[in-house]
Amino acid sequence: MNGQIPIFVYILATAGATFAVRLTPYYAKFLNKLPRFVGKCMRLLPIAALGPLVFPGVILDFSPQWYAGLAGIAASFLIAYKKGGMILPILSSVLVTYLVLLV
Amino acid sequence: MISNAQSKSLTFSKGVQEGFPICVGYFPTAMAFGLVCRDVGLKLWESVLFSVTNFAGSGQFLAINLLASGSLILEICIGVLLINLRYLFMGAALNQKLEKGIHGPKRLILAHGTTDEVFSVAVLHKQELSWTYMMGLEGISYLGWVGGTAVGFLIGMILSPELQMAVGVTLYAMFISLFAQELRQKGVMVLLIAGFSAILNTALILVLHMGSGWSFVIAMLSASIFGALIIDEPETEALP
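Chains A and B, in that order, are what the protein sequence lines are. Numbers in this note's numbering are just positions in the first sequence, counted from 1, shifted up by 33. Numbers in this note's numbering are just positions in the second sequence, counted from 1, shifted up by 12.
In case anyone wonders, no lab produced these hints; they're calculated from the structure. Treat the hints with care, since some could be wrong.
[To be verified] What follows is a set of in silico ranges between Cβ atoms, one per label pair, in the way DEER data are often shown: (1) A:Lys66 - B:Leu155: 52 to 58 angstroms; (2) A:Leu128 - B:Asp51: 16 to 22 angstroms; (3) B:Leu218 - A:Tyr114: 26 to 32 angstroms.
[Stated by the list, open to error] Coverage of chain B stretches by chain A, computed from C-beta distances (three or more under 8 angstroms per stretch; other residues unrestricted): (4) 148-155; (5) 187-197.
The structure presented is a predicted model; accordingly, all values stated were derived computationally and were not measured. We treat Cβ as the ideally placed atom computed from N, Cα and C, and that holds for glycine.
Given the sequences, and given the hints that come with them, work out the whole structure.
This is the structure we're talking about:
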């Protein structure tokens, strides 16, 4: 951790970066006039973000027991795919990961 | 879906009602964030300040990871800016659907509450989005995120180390659950796009040792371009 700059400065700086991105589209009109292909790409961004938000973090975070996170997300995937929702999938993944870490 | 005749039905309570599942979904993820903050050495007020001022799941997790690894403030800000770039396009889509007369501070508050989940719920409405509806939707989601952060931090004090580590999977479980739902609704193209970006990101980090902020952006952008090339989408249809 960086000692010189107080943590709250980091927090407010990232808040500023986040807010700038959020506020721009409410004032900048050019975003509505982009080419169709660009619009198509934009609509796919949330799906494209899902891959790197999970991999390789889910493996690296649990190393050396790298399979623990994988077992957890496998459980949440199965339940979310079959039953939908988020709470049950998330809780099951915590339980499975916990059990695997204990073994 | 929803006809114009019902356009007056987008009230504050409608927003709260539709935002409640988001709140419930955010809570455990925010708890995970609170736990991570505690592990990294932040104080309770700093963790809550993080969620109050940022209100961005993946951005906050990226920021706290980079902060813990001793990155410079500029690197962290660029990473956060890039990971949140998607809000640019979500905001542009929402802005077109807003009712007239939302200006000044109201607009600032509304912009602060734009998240992936809020966007995907709000954008499905055919009628204009009212200020009160958006406040209900964003407010309840915000409550779940900020409340979860505080509760997570406090719970971290009583969890065993194994359980704390296991709770770290919640973020990934949340994204995988979203993925499963998308996959069920939209089919195999979701797997192709998300799989492409997952493999690319893993290769960039593990093989090329690229920083996680940059690799994330490259993987996400490449996969969306890849997706746009392989999908034959009808002109008017908008994927949420």
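Starting from the hint 52 to 58 angstroms, judge whether the C-beta atoms of Lys66 of chain A and Leu155 of chain B obey it.
violated, 36 angstroms
Range hint 26 to 32 angstroms: satisfied by the CB atoms of Leu218 of chain B and Tyr114 of chain A?
holds, 27 angstroms
Can you tell me if the region 187-197 of chain B counts as covered by chain A, using C-beta to C-beta distances under 8 angstroms and a minimum of three residues?
n = 10 at 8 angstroms, threshold three: holds.
Check, residue by residue, whether the region 148-155 of chain B contains three or more positions whose beta-carbon lies closer than 8 angstroms to a beta-carbon of chain A, and give the verdict.
With 0 residues close enough to chain A, the hint is violated.
With 16 to 22 angstroms as the target window, see if Leu128 of chain A and Asp51 of chain B comply at their CB atoms.
Roughly 20 angstroms apart at Cβ, these two residues keep to the hinted range, so it holds.
In the structure shown, a violation is registered for the earlier hints numbered 1 and 4, in ascending order.
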